[in-house]
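K.L.:
Turn these sequences into a full structure, and let the hints steer you where they fit.
Okay, here's what each chain looks like letter by letter:
There are 2 protein chains.
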Amino acid sequence: MALIPRLDIASLDALELDPSTKGLPYDAPRLTVGDIAAQGWSLLAGDLPLPVAVIRQEVLAANSAWMSAFTAENDLVIAPHGKTTMSPHLFDLQIADGAWAITAATLQQVGVCLRFGVKRVLLANQPVGTQAIDACFRALHTEGGFELYCLADNPDGVAMLIEGARRNPPPKGNPLRILVEMGFPGGRTGVRTREGAIELARAIAAAPGLELAGFECFEGMLPTPETADGLIDDVASMALLAMEEGLFVTAAPIVISAGGSAFFDRVVERFNRVSFPHPVLRVLRSGCYLTHDSIAYAAAFRRIVSETSLKLPEGGLEPALEVWAMVQSRPETGRTMLTMGKRDVSHDAGLPVPLRWYRPDGSMAAPAAMPAGHEVVALNDQHCHLVTPEDSPLRTGDMVGFGISHPCTTFDKWSLLYRVDEEYRVTGALKTFF
Amino acid sequence: MALIPRLDIASLDALELDPSTKGLPYDAPRLTVGDIAAQGWSLLAGDLPLPVAVIRQEVLAANSAWMSAFTAENDLVIAPHGKTTMSPHLFDLQIADGAWAITAATLQQVGVCLRFGVKRVLLANQPVGTQAIDACFRALHTEGGFELYCLADNPDGVAMLIEGARRNPPPKGNPLRILVEMGFPGGRTGVRTREGAIELARAIAAAPGLELAGFECFEGMLPTPETADGLIDDVASMALLAMEEGLFVTAAPIVISAGGSAFFDRVVERFNRVSFPHPVLRVLRSGCYLTHDSIAYAAAFRRIVSETSLKLPEGGLEPALEVWAMVQSRPETGRTMLTMGKRDVSHDAGLPVPLRWYRPDGSMAAPAAMPAGHEVVALNDQHCHLVTPEDSPLRTGDMVGFGISHPCTTFDKWSLLYRVDEEYRVTGALKTFF
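Quick mapping for you: the protein sequence lines, in order, are chains P and F.
Position in the first sequence counted from 1, then plus 8, gives you the numbering used here.
Position in the second sequence counted from 1, then plus 8, gives you the numbering used here.
Simulated from the structure, these hints should not be mistaken for lab results.
Glycine residues also receive a C-beta, built at the ideal position from the N, C-alpha and C atoms.
There may be inaccurate statements among the hints.
Unchecked claim - Calculated pairs, DMTMM-like style, for lysine to aspartate or glutamate (alpha carbon to alpha carbon, straight line, at most 25 Å): (1) F/K127 to F/D100; (2) P/K127 to P/E151; (3) P/K127 to P/D16; (4) P/K319 to P/D83; (5) P/K180 to P/E155; (6) F/K127 to P/D26; (7) P/K127 to F/D35; (8) F/K319 to F/D83; (9) P/K319 to P/E234; (10) F/K180 to P/D35; (11) P/K127 to F/D26; (12) F/K127 to P/D35; (13) F/K319 to F/D237; (14) P/K180 to F/D35; (15) F/K319 to F/E277.
What the hints assert, rightly or not - Coverage of chain P stretches by chain F, computed from C-beta distances (three or more under 8 Å per stretch; other residues unrestricted): (16) 125 to 138; (17) 161 to 175; (18) 340 to 348.
What the hints assert, rightly or not - Cβ-to-Cβ under 10 Å is the rule here; a few derived chain P residues that face chain F: (19) L23; (20) G31; (21) G54; (22) A113; (23) D142; (24) P193; (25) V199; (26) R200; (27) G228; (28) V335; (29) A386; (30) D389; (31) R403; (32) S423.
P.N.:
Pasting the structure below:
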C-alpha cells in the first residue's frame, strides 16, 4: 500500500558526516552516512564511543510492520510524525510500510522531507509569518510533485495564508490543503468552538489557492483517553457539518485526522463510529510507535492492549531505542556514575532505565540483564547518577544499555544513531536533522 | 594575558552549513559559516525563521571582559567550560580574553578543541574505556603542541590510564597530566576520602607517561555556597599534602581547580586563604558566565554580588542569549501559543521568560518590553504555552524574545546561533558541535 514513492536515499548516503559528530569513533576516517554500514563496527567489541544511541533493527522493523497491519485492519492510514525521529531513512521505512504522508511540525522539518523526496507532508501546525508561509507555497511548485497539508485555527492565521496565496499563487491543481484544527479549553492550539471552526472552514473554502481538506485535532494533550473522546468526535462531526454545507470541493477524500501515540486506539474507535456521505480518509499521525520506548509509551500501549475494543495485530510494540553509557566511577557504595547525561538521553517524561550491562574484556558472551535495584536518580548535563545495590556487578569501564522514555527528546540529542542487529553489530547509520 | 594562542578560525568559517540546519532561512543559498556575517540579515526585518537563538554580542563581550577582570584581580586563571557553548568562535573569544585552557567534558568535546586549534584542554572527567583513553594519548602527539589535563577518582580508572600510557607512550615532556578529583558523600564523581585521594596521587606520580598535576573538585552539585567550602578546602589541603610528600615532579605550577558557575566566589575565597610552598595555579572552570542567563545563574550572581568579600569588577554579568519565537495562535483568552518548544530552549532549570515582543509590520521602531502577566507555563516538543493577561498586546504573527535558564541546555539545541547587535542585526554565525 505504498501510496507515495519510496525515498531516493542516495543523496543522504552520500552526505559526509562532520568529523566532530557525537557518536563517531574518535579515530574514524572521513565517512559518508552510507559508509557506516561497511565498517564492521560492533558496540560490544568497543568500536563505538560511549555514550551512543542505537536502534535495534529487528524491533524497529517489527514495530513498523505492526502499525502497518493495525492501520490496514482498521480502515485508516498513517502519516507518522516525522518530528519524532527526523531521520529520512526511517521516513523511508515508514513509507515502504504504507505511510500515506509524513507529518512535520515546522518548516525546517518540511524542508528535510522535501530534500529527501517525501512527496506528501502534513504540517501539523498553522504556519505563521511571511517566511514560513512563503516556504509553504514555494514547496507546492516542487518538481515531480509535492502535496502539502497544513493547519489553521484562527482568523488571523487564515488571513495570513490567504495573503500568502496572493503573493505566491500555487500551481493549478495543487493548492495548499488546509485542515481546520479543533482544540479544547485550556489546551494547545485549535479552535475552541464549533462556530469558530465552521467560520474558518468557510473562509478557507472561499479563498483562491487554498483548499479546505478536512479537520483534525491533537488529542495527546488531554490527560486520559476518555477525555480525548469529545475532541476526536468534534473532528468527525465538523467534517460532517462542512460536508452538509458543501464546503469541500476537493476531488481527494476528505481528511479527518488525530494524532498522538498514547490514545491512538480511541482515535480509531471514535472515527469508525461515524458514517460519512463522502469518502473520508482517516489519518493517524502517531510518531513514537516506530521505536516505542521503555516507560511512557510502554505504559500507554499496555493500556491500549488491555482496554481497546479493536482487534490488534499479533505481537505488539517493543522498545527499539537504547542509549549505552560507560561506568565512569563507583565513588561510594550504592552510587555509580556513568558517561551519559541530559544531552544524551530524554529526561522530560521519566529518567532512563538500565536494561543490560556488559564488560568489554571478553569475559561475557552477551550483555546480561541488569539485576534489580539499579535505578537512575539524576542526570546532569554529561553524567548519570545510578543508585546501585550493594552486590551490583558493575565496575569502572563496564557498559550499560538504557531504555528511554519519550523517543522525540532522545532522537533530538543525536545527529547520528546506529542501526544494530541483535548482537549490537552496526548495520547502518541513521542521520537526523534537528 | 593570552596564555594560549588564539584559534585559527578560518577552517570553521570555511565550513559549509548543512542546508537543513535549524535557524537558516528557508530559502537561503548554500552558505559557509563565515558567509553569514555578510548576508545583511536582521531578526526584526523577518530575515530569520523563528524560533531562532541569538546572542547579543555587546553583552557577550562585556561578560567575557568582566570575567577576565575578575580573574586578573583575584590571582586566578579561567579554563572556561567549553561544554556550555561548544562554539569554537566563543572559545576563541575566551582565549583572547586570557583563558588559560578550555575545559571539556567528553572526548568528542576534546576533539572539537583539537580540530580548531585549542592548545590546552582540561578534560573535567576521568576518561574510561580503551577508545577514550587511547584518544587522550593520541592527542598528546598533536603537531604544534597540545597539553591535556584530565581527572582520576578511582584505582580502576588510574589502572586504565596507566595501561593506556603503556599502549601509547606520550612524547617526551608531554605526559598526560592528571588532577585527582575530590568528591563528597552522595555527590557525583570524586574520591570520598583523603586517604583514597593520596593513594591515587601516589599511583599517578609513580606511573610512566602520567604526571600528577594537581587536585580539583566540582562544587556545583552542592546545594548552597556554604556547603561547598569543605570540598573546596579539601582540594587545597590535598595539594599541600601532596607537596609535602614530594609527589609533584612537574616544572609547571601545581593546579588546584574548582568549577561551577554558581559559587565561583567561594572557590576564590577559599583557595586564596591557603599559602603554598610551591607555585600554584588556581583554575576556575565556570562556563555559563559567558552568556549568563535570565533565571538560575542570574539568581546565583545576585547572591555572589550581595555576599562575597571579594572586590568585583565594575558592571556585572548580564544575559546575552535569547530565543525568539512567533505567536502561532491565541486560541482562548489568557493563553497564547508560540512556535518554540523543548527542542529549542532549556527547560531543566526553569521555563523561559518572555522579555520583549515585536510586531514585524513596520508599526514598531524597536521591540517593546513584555508587559507584566505573561508567563510560560508549559513547553511541548515544539510549542510554548504562554499565559497572557486579558489586555495582552500579542497577536498571531508577533515575535517574542525569551530569556533562558541554564545556557548549556539551550546551546545544545542549536547547531547554529546568530551573533546580533543591539538592533538584532546579524553580525555573524556561531556554529556549535554537540
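K.L.:
With a cut-off of 25 Å on the C-alpha distance, tell me whether P/K180 and F/D35 pass.
P.N.:
Holds. P/K180 to F/D35 sits at ~23 Å (cutoff 25 Å).
K.L.:
Holds or violated: the stretch 161 to 175 of chain P covered by chain F, criterion of 3 or more residues with Cβ-Cβ distance under 8 Å?
P.N.:
It holds, with 5 qualifying residues against the three required.
K.L.:
Given a cut of 10 Å on the nearest C-beta pair, is the interface hint for P/V335 held or broken against chain F?
P.N.:
holds (7 Å)
K.L.:
Holds or violated: P/S423 as interface residue toward chain F, Cβ cutoff 10 Å?
P.N.:
Holds - the Cβ of P/S423 comes within 10 Å of chain F, reaching about 8 Å at its closest.
K.L.:
Does the alpha-carbon distance linking P/K180 and P/E155 stay inside the 25 Å limit?
P.N.:
Holds, at roughly 12 Å.
K.L.:
Quickly compare the C-alpha distance for P/K319 and P/E234 to 25 Å and report which way the hint goes.
P.N.:
OK: P/K319 and P/E234 at ~19 Å, within 25 Å.
K.L.:
Can you confirm whether the C-alpha distance between P/K127 and F/D35 stays at or below 25 Å?
P.N.:
holds (19 Å)
K.L.:
Mind checking the alpha carbons of F/K127 and P/D35 for me, to see if they're no more than 25 Å apart?
P.N.:
holds (19 Å)
K.L.:
CA of F/K319 to CA of F/E277, is that 25 Å or under?
P.N.:
holds (11 Å)
K.L.:
In terms of beta carbon proximity below 8 Å, does the stretch 125 to 138 of chain P have 3 or more residues touching chain F?
P.N.:
holds (count 5)
K.L.:
Taking 25 Å as the top limit, are the C-alpha atoms of P/K319 and P/D83 close enough?
P.N.:
Roughly 12 Å between the alpha carbons, so the hint for P/K319 and P/D83 holds.
K.L.:
Does the closest beta carbon of chain F sit nearer than 10 Å to the beta carbon of P/D142?
P.N.:
Status holds, d = 8 Å.
Checked against the numbered hints above, the structure violates none of them.
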